[in-house]
Amino acid sequence: MHSYFFLTPFLVFASSVGADGSSDMRALAATVKATTDTIHASLNGTMSLNTADLVANVSSSITSSKANLDADQVAFMGNTTMQAMDVAYLDYINALLSLAQYAELRGKSWHTEWNQAVYTNLQALATAVHAYGTSLTQKDAVTRNATIRTITAGSALVHAESAWSRNLNYPGKRRRGWVVREERGRL
Numbered sequence: 001m002h003s004y005f006f007l008t009p010f011l012v013f014a015s016s017v018g019a020d021g022s023s024d025m026r027a028l029a030a031t032v033k034a035t036t037d038t039i040h041a042s043l044n045g046t047m048s049l050n051t052a053d054l055v056a057n058v059s060s061s062i063t064s065s066k067a068n069l070d071a072d073q074v075a076f077m078g079n080t081t082m083q084a085m086d087v088a089y090l091d092y093i094n095a096l097l098s099l100a101q102y103a104e105l106r107g108k109s110w111h112t113e114w115n116q117a118v119y120t121n122l123q124a125l126a127t128a129v130h131a132y133g134t135s136l137t138q139k140d141a142v143t144r145n146a147t148i149r150t151i152t153a154g155s156a157l158v159h160a161e162s163a164w165s166r167n168l169n170y171p172g173k174r175r176r177g178w179v180v181r182e183e184r185g186r187l
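Residue 65 in full-length UniProt numbering sits at position 65 of the sequence shown, with consecutive numbering throughout.
Hints were generated in silico from the structure; no laboratory data involved.
List of simulated lysine-lysine pairs, DSBU-like, C-alpha gap at most 35 Å:
1. Lys66 x Lys139
2. Lys108 x Lys33
3. Lys108 x Lys66
4. Lys139 x Lys33
5. Lys66 x Lys33
Okay, the calculated beta carbon distance ranges per label pair:
6. His159 x Asp37: 18 to 24 Å
7. His159 x Ala84: 27 to 33 Å
8. Ala71 x Thr127: 16 to 22 Å
9. Thr120 x Gln83: 35 to 41 Å
10. Gly78 x Ile148: 22 to 28 Å
11. Val87 x Thr134: 15 to 21 Å
The C-beta atom is built at its ideal place from N, Cα and C for all residues, glycine as well.
Start from the sequences and build out the full structure, keeping to the hints where you can.
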């Protein structure tokens with residue numbers, strides 16, 4: 001049992017090694033979108049959700065992709081053009097913007113999760129996004145224009161962090177009923 005516990009993280013990391021950068025970014029976008037969908041669905045459902053673990057999973061995926069880039073840039077790029085990488089990168093960043101928006105909405109709505117864990121993991125996610133964007137730019141994997149969106153995503157994650165910055169798990173006034181209405185024009 002113990003060897004399985006320690007072998008699992010290695011297998012997860014090893015399975016992501018060898019994919020080209022475009023595939024990595026498509027997988028990242030899919031992970032972020034799945035997490036966003038889970039958080040969005042919870043806005044009108046349960047008060048308790050493990051948002052901290054969901055955000056930590058996204059951070060781990062981004063860190064894994066950055067490790068692939070740092071380990072072997074030639075294999076990471078493969079035959080992918082910079083324009084194709086830009087498209088995949090922008091899809092990934094747009095997914096992060098949606099994640100930040102729904103994490104912020106969840107933090108501002110009534111919930112039974114501890115704020116500190118989510119806040120800390122959102123900080124780690126913002127750091128991972130910045131580090132990954134910086135590495136991609138420094139290694140000329142994406143254009144500098146594409147990484148401008150990294151700043152936008154970082155700002156959105158900071159706004160999401162602020163929604164979870166209160167002590168304990170008190171987000172503010174409880175809204176009438178459990179349904180959270182999404183702000184118009186934000187999606």
